[in-house]
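**Q** Please construct the entire structure, taking both the sequences and the accompanying hints into account.
2 protein chains.
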Amino acid sequence: MNLVLSQRSLWMWRKIKIMNKTNYYMQIALEQAKQVKGEIPGGAVIVRNDDIISYAYNTKENDKYVTSHAEIIAIKNASKVLNNWRLEDCDLYVTLEPCPMCGWAILQSRIKNLYFGSYDSQYGAFSVAHLDKISDSKIKIYGGICEKECDNMLEDFFNNLRT
Amino acid sequence: MNLVLSQRSLWMWRKIKIMNKTNYYMQIALEQAKQVKGEIPGGAVIVRNDDIISYAYNTKENDKYVTSHAEIIAIKNASKVLNNWRLEDCDLYVTLEPCPMCGWAILQSRIKNLYFGSYDSQYGAFSVAHLDKISDSKIKIYGGICEKECDNMLEDFFNNLRT
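Chains A and X are the protein sequences, given in the same order. Numbering-wise (numbering that gives the first Met the number 0), the first sequence opens with residue 0 and increments by one. Numbering-wise (numbering that gives the first Met the number 0), the second sequence opens with residue 0 and increments by one.
A couple of the hints might just be wrong.
Chain copies aren't distinguished; within one or between two, either way the pair holds.
[Claimed, not checked] Below, computed lysine to any residue pairings styled on SDA-like, alpha-carbon distance capped at 25 Å:
{"id": "1", "residue 1": "LYS16", "residue 2": "VAL80"}
{"id": "2", "residue 1": "LYS132", "residue 2": "GLN121"}
{"id": "3", "residue 1": "LYS33", "residue 2": "ASN151"}
{"id": "4", "residue 1": "LYS59", "residue 2": "LYS137"}
{"id": "5", "residue 1": "LYS137", "residue 2": "SER126"}
{"id": "6", "residue 1": "LYS20", "residue 2": "GLU87"}
{"id": "7", "residue 1": "LYS63", "residue 2": "ASP131"}
{"id": "8", "residue 1": "LYS139", "residue 2": "HIS129"}
{"id": "9", "residue 1": "LYS63", "residue 2": "ILE133"}
Bear in mind the hints are in silico, worked out from the structure with no lab data behind them.
**A** Listed below in structure tokens is the structure:
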């Protein structure tokens, strides 16, 4: 009985540790997103062996590049850091489910785990376009991390647009 | 009768003119693709009002960026030229059907017409992932332009890899 309890405790402890870590990095992605000015807030963080190697936020309007989404910039920065387009041991945290452009870039870059906050029920790379189904990538995808906070941030942005 | 004939002639002449133009720009995209070294050959050209405003070829391995596909680089260059991410009056010519990353970037950039050479039956943004079906873009897409030449170029590349 004691053994069973301790195993369960260990399992719970591990789960809490992973959850805390995931939430921690998503909070950093949210901080990135909050730096966006005048366009849809979105932030991304890339983590490798518990080190943040890259972070970015949406700058499409500012850069005047259609590709300047947080994920694409973060992937480019991480590739510079590692001097490689293969980001095999990396995890990516992003506040909103990637669009198909970013989604395919993530799948192609061999990122190990993808954590995103809000779901995009209109243009989501995974929940709508199902790109993971046509890719050979072994990525693991977790949606809905700090979802309420990410949703609120987007709602605030669109409410401010309307007023 | 004469009128009918002349209308038909006019229609044929217009068709030939359009076909010639399309083939002409695809030949330039092919020339771009032939400059690729050590990776999948792919070339792209962006045309606006009969002017070539941007061209590029795949440099993913050289740049060590997963996003360095011909289409993404050509879009970025065109945005620089026009100082705008909206490429509304532009046509894009590319030797191979875009992947979902490039496909979504093309849809988002509001390019008017897309002409591609070879179909990608495994990862094609349109023939496989059907991204045009979930987008609001009014783009017109024409596949199979100079298809045999584009297919041959890819076949030569993969045959050389095997030997």
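**Q** Each hint needs a verdict: does it hold in this structure or not?
**A** Each hint, compared with the structure:
no.: 1; hint: LYS16 to VAL80; verdict: neither (27 Å within a copy, 49 Å between copies)
no.: 2; hint: LYS132 to GLN121; verdict: both (18 Å within a copy, 11 Å between copies)
no.: 3; hint: LYS33 to ASN151; verdict: within (12 Å within a copy, 49 Å between copies)
no.: 4; hint: LYS59 to LYS137; verdict: between (29 Å within a copy, 21 Å between copies)
no.: 5; hint: LYS137 to SER126; verdict: both (17 Å within a copy, 23 Å between copies)
no.: 6; hint: LYS20 to GLU87; verdict: within (19 Å within a copy, 43 Å between copies)
no.: 7; hint: LYS63 to ASP131; verdict: between (29 Å within a copy, 23 Å between copies)
no.: 8; hint: LYS139 to HIS129; verdict: both (13 Å within a copy, 23 Å between copies)
no.: 9; hint: LYS63 to ILE133; verdict: between (30 Å within a copy, 24 Å between copies)
The structure fails hint 1 only (numbered hints given earlier).
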